[in-house]
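Line by line, the protein sequences are chains A and B.
One gets the numbering used here by counting positions in the first sequence from 1 and adding 8 to each.
Read in the numbering used here, the second sequence has 10 at position 24, and its numbers run on one by one without any break.
Don't read these hints as lab results, they were simulated from the structure.
Think of the CB as a built atom: it goes at the ideal place given N, C-alpha and C, for glycine as much as any other residue.
Among these hints, one or two may not hold up.
[As the list claims (entries may be wrong)] Footprint (simulated), chain A over chain B, 3 or more residues, beta carbon under 8 angstroms:
| id | segment |
| --- | --- |
| 1 | -7 to 7 |
| 2 | 49 to 58 |
[Unchecked claim] So the derived label-pair ranges between C-beta atoms look like this:
| id | chain 1 | residue 1 | chain 2 | residue 2 | range |
| --- | --- | --- | --- | --- | --- |
| 3 | B | N65 | A | E75 | 43 to 53 angstroms |
| 4 | A | N32 | B | E90 | 41 to 51 angstroms |
| 5 | A | G61 | B | G2 | 23 to 33 angstroms |
| 6 | B | E40 | A | Y18 | 33 to 43 angstroms |
| 7 | A | H83 | B | S(-7) | 32 to 42 angstroms |
| 8 | A | E25 | B | N65 | 42 to 52 angstroms |
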Amino acid sequence: GQQVMQIPQYQHVQEGEDFTTYCNSSTTLSNIQWYKQRPGGHPVFLIQLVKSGEVKKQKRLTFQFGEAKKNSSLHITATQTTDVGTYFCAGPRTGKLIFGQGTTLQVKP
Amino acid sequence: DAGVTQSPTHLIKTRGQQVTLRCSPKSGHDTVSWYQQALGQGPQFIFQYYEEEERQRGNFPDRFSGHQFPNYSSELNVNALLLGDSALYLCASSLVPAGGTYNEQFFGPGTRLTVL
């Protein structure tokens, strides 16, 4: 069954509003990755977090890895129409990379 | 520098048929993983190849098999196709050896398989 859960499944925001997606694992992860998939496209790597409590920023995107290394979040400040897509978290589990079901972000201009 | 390439782009098959999908990894990468992505879902890990051997396998039946060639390219074969096999099949390459810590996966554009 699904071992990496993401919420919410969908999010509609007005351009300029903030957006957050949350990722939760049933087990401790050695690291967590985030990917973005544009409509009709393929997943593109955004970042990897390895350390407990790690926080990384990429321009308007802020990624966090929980202290227990079982949860993570992606926060986008002041969304733009170019942020549209589905955001996936993924973590290694018994040698396999397990993806969450993703959060699809729609941005109204 | 060519990224990950996959062929064909689209494929239509009927139930019971067999299909072969192909993937060429990013230059310099030696590890290839295959994923199945159903509509509205996250990619599901099928298996991973490194040094021409299957190193890890997800929860997929034996109808799904693969191969990696000496030049690191890979094939995914699916036998006795079912309607439920309709999905986007993604190939991803990386430098990380199978079983090691996963690093950045470079995905190809995928093959859209439709089973009628």
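Can you name, in rising order, the numbers of the hints this structure does not satisfy? 1, 2, 4 and 5
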